[in-house]
Amino acid sequence: MNYSELVGYMVKSLVDHPEQVEIREIEGEKSTILELKVTKEDIGKVIGKHGRIARAVRTIINASATKSGKRVVLEILD
Amino acid sequence: MKVIEVEGRTPDDATKRAMAELGIRDTSKVTVEIIDPGKSGIFGFGVSRPAKVRIYYNESTENVGAKVKELLLALLSRMDIEGGVKDLKESESKVYVELESKTSSGLLIGKKGKTLEALQFMINLMINNSTGSEKKIILDIESYRDKREKALKKMSRDIAFKVIKTGRPMILEPMNPFERRLIHLTLQNDKRVTTKSEGQGIYRKIKISPAVRK
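Each protein sequence line maps, in turn, to chains A and B. Note that this note's numbering numbers the first sequence so that position 3 is 3, with each residue one more than the last. Note that this note's numbering numbers the second sequence so that position 37 is 115, with each residue one more than the last.
Bound conformation, chain B alone (with noise of 0.2 Å):
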């Protein structure tokens, strides 16, 4: 629990200016106390005193899993895509969510993953903005990310073998930063091939080149 102390002209504005302070919106997440109601000087005559207030913030009570369940289903019933949380695991730095949809699994993952990717970062924006927390949040459907993962894998490694046999180095796709991790990670191991990133930002993608023999 977080409690400050702020003066403002009213309680009302002091109370304002702890909400932007503490970077949130929803005056239900704060207990406030007005220790001081402030009195304010007529027309410049007389003594003015600020008002003050004490805030307490709770953030340890926040339920961020059910905040971002809650922002899931309205997100998914406004972009009129059947679907719904199917399991939500909340850890002290993590909230991973598996969802489920009987017609829409693969409109909600898109191409090579590009819709859950925007829907994990989008999520994980309007959560961090609303409630202040800084819980990482992972989507999941279908065991996507797995399956990714291993897809992944195998094709690096296809590629490898090819790069090893005509002896010239190869460029992957655009992948994120995650992705490319993997790949070095598979590879690291193969002393046949050294692999490299090129490209800046959204561009940046994978060269696989066979190792330099000595």
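With the rest of the complex left out, here is chain A (with noise of 0.2 Å):
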């Protein structure tokens, strides 16, 4: 399961500039760390309202998960 991949499709698809999206991933015995980092004017677009958007792709993310049965936690850098 390759959740950078998962991540970065989600987010590219929302920011103004795709290109600078970076995403590094720190896989650990029981958990894997998501560290998401975006430009500084497209940090509102992977939040959202109140984390909405935030929320929204950490629920994907756990829904992809279930079957390892890994948790994966959703950082975002500013």
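Since the hints were made in silico from the structure, they are not lab data. Hints are supplied without guarantee of correctness; some may be wrong.
Said to hold, decoys possible - With a cut-off of at most 30 Å between alpha-carbon atoms, the simulated DSS-like pairs for lysine-lysine come out as follows: (1) A:40 <-> B:231; (2) B:164 <-> B:130; (3) B:130 <-> B:189; (4) B:269 <-> A:45; (5) B:147 <-> B:180; (6) B:180 <-> A:70; (7) B:180 <-> A:67; (8) A:12 <-> B:147; (9) B:180 <-> A:49; (10) B:167 <-> B:231.
Reconstruct the complex from the two isolated chains, following the hints.
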């Protein structure tokens, strides 16, 4: 399961500067941490009002992570 | 079809500006006609003239339904979840999509429909962004929406019954606006109880109280 690819696909279609989207995947034993970096102007576009977009992205990631039994955490860096 | 004229330093620059104005990114969706290629002054001398382009943007030929299907399939495959589009109905203002999945429909629905809700929200955003379409996209799977509606109606009646019996108000779990509306509507004709929403944002929930006797 390639989480970076999934997150990248969603995020890149939401932001104004898809070429500046960076995703780092840190794999641990029980959990995987995804670090997402976008330009300053695009941060609002990946978080959304009251974090609605970020929550949807996390829900979708978790649905695809269910099978692996691993926890996947999405961190949005600023 | 929309037609706009934009000026810029060069024809390319003008086109870029026009795209920004229309809020679209895909250059294949528009036809660009260069009216005036412009003339730049040499080192600030001479007469410089801005370039002018005319952009034809055709919204109506755009098939939003096909795009929705394409995006959904791409998303599902990246989620590593088996599934497809069973039915798709496109109307003036809505696109209704029925998904199917032999092995993972439960996964796509999620707890209390959370995943289906998130997918729907995400697809709406992505389609909005890439096509500029304002059609509302509704996702469904195994008639989940219908079942959930029936379950919510039954639950709200059951709880109303309890409230009447005990004379004590009860608070339901947090729900989205659509589901809260459904419960208000279900119980609005029951004179023995009153319904009210409390709390903020995603934590907003319904309180069912016994009606005050006069």
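Hint-by-hint comparison with the structure:
Between residue 40 of chain A and residue 231 of chain B the CA atoms are separated by roughly 45 Å; this puts the pair beyond 30 Å, and the hint is violated. Only pairs whose Cα atoms come within 30 Å are accepted, and residue 164 of chain B paired with residue 130 of chain B is rejected, the gap being roughly 46 Å. Between residue 130 of chain B and residue 189 of chain B, the direct Cα distance comes to roughly 54 Å. Violation of the 30 Å bound is thereby established for this hinted pair. Between residue 269 of chain B and residue 45 of chain A the alpha-carbon distance is near 45 Å, which puts this suggested pair outside the 30 Å criterion.
About 18 Å separates the Cα atoms of residue 147 of chain B and residue 180 of chain B, which keeps this hinted pair within 30 Å; it holds. Restraint check for residue 180 of chain B and residue 70 of chain A: the C-alpha separation of about 23 Å stays at or below 30 Å, so the hint holds. Taking the CA atoms of residue 180 of chain B and residue 67 of chain A, the gap is about 15 Å. The hint holds against a cut of 30 Å. Restraint check for residue 12 of chain A and residue 147 of chain B: the C-alpha separation of about 18 Å stays at or below 30 Å, so the hint holds.
A hinted pair counts as satisfied when its Cα atoms are at most 30 Å apart, and residue 180 of chain B with residue 49 of chain A does not qualify at roughly 35 Å. At most 30 Å may separate the alpha-carbon atoms for a hinted pair to count; residue 167 of chain B and residue 231 of chain B meet this at roughly 26 Å.
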